[in-house]
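> Residue strings, one per chain:
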Amino acid sequence: MSNIAFSPEELSRYSRHIIIPEFNLEGQKKLKAAKVLVIGSGGLGSPLLLYLAAAGVGTIGIVDFDTIDDSNLQRQILFTTNDVGKLKATTAAERIKALNPFIEVIVHNTQLNSQNALDIIKDYDVVADGTDNFPTRYLVNDACVLLDKVNVYASIYRFEGQLSVFNLPLPDGTRGPNYRDLFPEPPPPGLVPSCAEGGVLGVLPGILGSLQAAEVIKVISNVGEPLSGRLFTIDVADFQTRTLKIHKQESTKIEKLIDYELFCGLKNENMSSEVKEITVGQLAEWIDSGKEFQLIDVREPHEYAIAEIGGILIPLAQISEHADRISLEKPVVIHCRSGVRSAKAIRELQELHGWDHLYNLKGGILAWADEIDQLVTKY
Amino acid sequence: MATIIIPTPLRKFTGNQSTFKVNEAGTISEAILSLTNQYTDLKKHVIDDQGKIRSFVRLYLGDEDVSALDQKADTRIKESDVISIVPAIAGGIY
Chain A
1 MSNIAFSPEE LSRYSRHIII PEFNLEGQKK LKAAKVLVIG SGGLGSPLLL
51 YLAAAGVGTI GIVDFDTIDD SNLQRQILFT TNDVGKLKAT TAAERIKALN
101 PFIEVIVHNT QLNSQNALDI IKDYDVVADG TDNFPTRYLV NDACVLLDKV
151 NVYASIYRFE GQLSVFNLPL PDGTRGPNYR DLFPEPPPPG LVPSCAEGGV
201 LGVLPGILGS LQAAEVIKVI SNVGEPLSGR LFTIDVADFQ TRTLKIHKQE
251 STKIEKLIDY ELFCGLKNEN MSSEVKEITV GQLAEWIDSG KEFQLIDVRE
301 PHEYAIAEIG GILIPLAQIS EHADRISLEK PVVIHCRSGV RSAKAIRELQ
351 ELHGWDHLYN LKGGILAWAD EIDQLVTKY
Chain B
1 MATIIIPTPL RKFTGNQSTF KVNEAGTISE AILSLTNQYT DLKKHVIDDQ
51 GKIRSFVRLY LGDEDVSALD QKADTRIKES DVISIVPAIA GGIY
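Those sequence lines, one after another, are chains A and B.
So in my numbering, spot 164 of the first sequence is number 164, and the numbers just go up one at a time.
So in my numbering, spot 68 of the second sequence is number 68, and the numbers just go up one at a time.
Any given hint might turn out to be false.
Said to hold, decoys possible - Simulated pairs of lysine-lysine, BS3-like, Cα-Cα distance not exceeding 27 Å: (1) Lys245(A) <-> Lys72(B); (2) Lys245(A) <-> Lys52(B); (3) Lys253(A) <-> Lys72(B); (4) Lys12(B) <-> Lys378(A); (5) Lys245(A) <-> Lys44(B); (6) Lys12(B) <-> Lys248(A); (7) Lys248(A) <-> Lys44(B); (8) Lys248(A) <-> Lys122(A); (9) Lys21(B) <-> Lys245(A); (10) Lys78(B) <-> Lys245(A); (11) Lys248(A) <-> Lys72(B); (12) Lys276(A) <-> Lys291(A); (13) Lys52(B) <-> Lys253(A); (14) Lys245(A) <-> Lys43(B); (15) Lys291(A) <-> Lys362(A).
Source of the hints: derived by calculation from the structure; they are not laboratory data.
Modelling step: build the complete structure from the supplied sequences, incorporating the hints.
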């Protein structure tokens, strides 16, 4: 730490840290020397990046492949209305560089996957996981375990949040529990509703992302006791909070990165019944050419109220019960928001009835809004 | 009466009830069984075909993981006990 120095401007900027007796100049030096990778610059990533930058973390990496859309602005406070359509990682980097010009910001405009994860993560000291899906959660966890990196984790759903610090080095030389010690396997797709179906209170990632930033700062500065071996849960609806114990499980073995889409059941090597697909372009042609077909929408009524493309609404949970409403005479296109639930509906119907006239709309109503009709609301 | 806390993602199977009061004295297993008997749709989200707790859900008695207790799910519960079901949540678009 002896080679870390501060300019007078930096000393003034960080003075409220430096005057905390247990933090002091040493803590601030540790922050400046640290390299933190924030994966996902959305709801959790917004407060995380703002506070880590403000606090003076010397090098901050941002991984995100996504672009900003209207539905992000309810919670992703890094971005403004003028940013819609821009790349999240690049925009986030500009925002935090403006907040603190004394830090280094590295942009990774890419989707983290099993091929690039180790290479990206290896150069950082601490990882903060602010992603929004199970495959990436397990990928980040496993990569951190393989590379001996601390993984500061937070996750949100509606009014509920979870927080923990995984893989923390312990005084005895071992590492604290990781995500797989808590949840060895992800739920099958469709079992747990996604935020797209379930929604999230906009301020919730603000709370959890800020707590995540606090844990990152504690881990780096060695101040306080990080939330290792414990899971903090909060339900802001009734303000129930709990701190639960997490134990290491002998069964947890992570030897290499795997195919996480396969692991999370989002694709299946031996798909018992294959799902035929149709692109939004093909569907538009079917409509233009007057082809006879039926369109079924398996989303929820509140989603239908936001955006719809003329399909008959039968939510996924009722699809088998209402199978009599599905045409046997003409091809049937089934769609949802992104194509995951409609594929599940098709598999269910094919297994029950052996039908072969069902087509999944690839990319769902989101792809339709992107490629065919920009007036359809994305959510 | 011990209480079972139902997490948000599973409340759609309990008619939006966030807690469940266990009427009879007994073990953690029996408490979960009385919950899933009342809300049958909930069962497959918590217990697998072999009757084991599913790998994407954890059960807690107070702040302790049920699988770390000496008697595990056969631990007898007191009236003041709180059992929580904690599910894996990913936070976004699946």
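> State for each hint whether it applies.
The hints, checked one at a time:
1. Lys245(A) <-> Lys72(B): With Cα atoms ~15 Å apart, Lys245(A) and Lys72(B) stay inside 27 Å; holds.
2. Lys245(A) <-> Lys52(B): Given pair Lys245(A), Lys52(B) holds - Cα atoms ~20 Å apart, limit 27 Å.
3. Lys253(A) <-> Lys72(B): Distance of about 23 Å is within 27 Å: holds.
4. Lys12(B) <-> Lys378(A): OK: Lys12(B) and Lys378(A) at ~25 Å, within 27 Å.
5. Lys245(A) <-> Lys44(B): holds, 25 Å
6. Lys12(B) <-> Lys248(A): violated, 31 Å
7. Lys248(A) <-> Lys44(B): At roughly 26 Å apart (the allowed maximum being 27 Å), Lys44(B) and Lys248(A) satisfy the hint.
8. Lys248(A) <-> Lys122(A): holds, 24 Å
9. Lys21(B) <-> Lys245(A): holds, 23 Å
10. Lys78(B) <-> Lys245(A): Holds, at roughly 20 Å.
11. Lys248(A) <-> Lys72(B): The given pair, whose Cα atoms are some 16 Å apart, holds under the 27 Å limit.
12. Lys276(A) <-> Lys291(A): Cα-Cα ~18 Å, so holds.
13. Lys52(B) <-> Lys253(A): Holds: Lys52(B) and Lys253(A) sit about 21 Å apart, inside 27 Å.
14. Lys245(A) <-> Lys43(B): holds, 24 Å
15. Lys291(A) <-> Lys362(A): holds, 19 Å
The structure does not agree with numbered hint 6 stated previously, though it agrees with all others.
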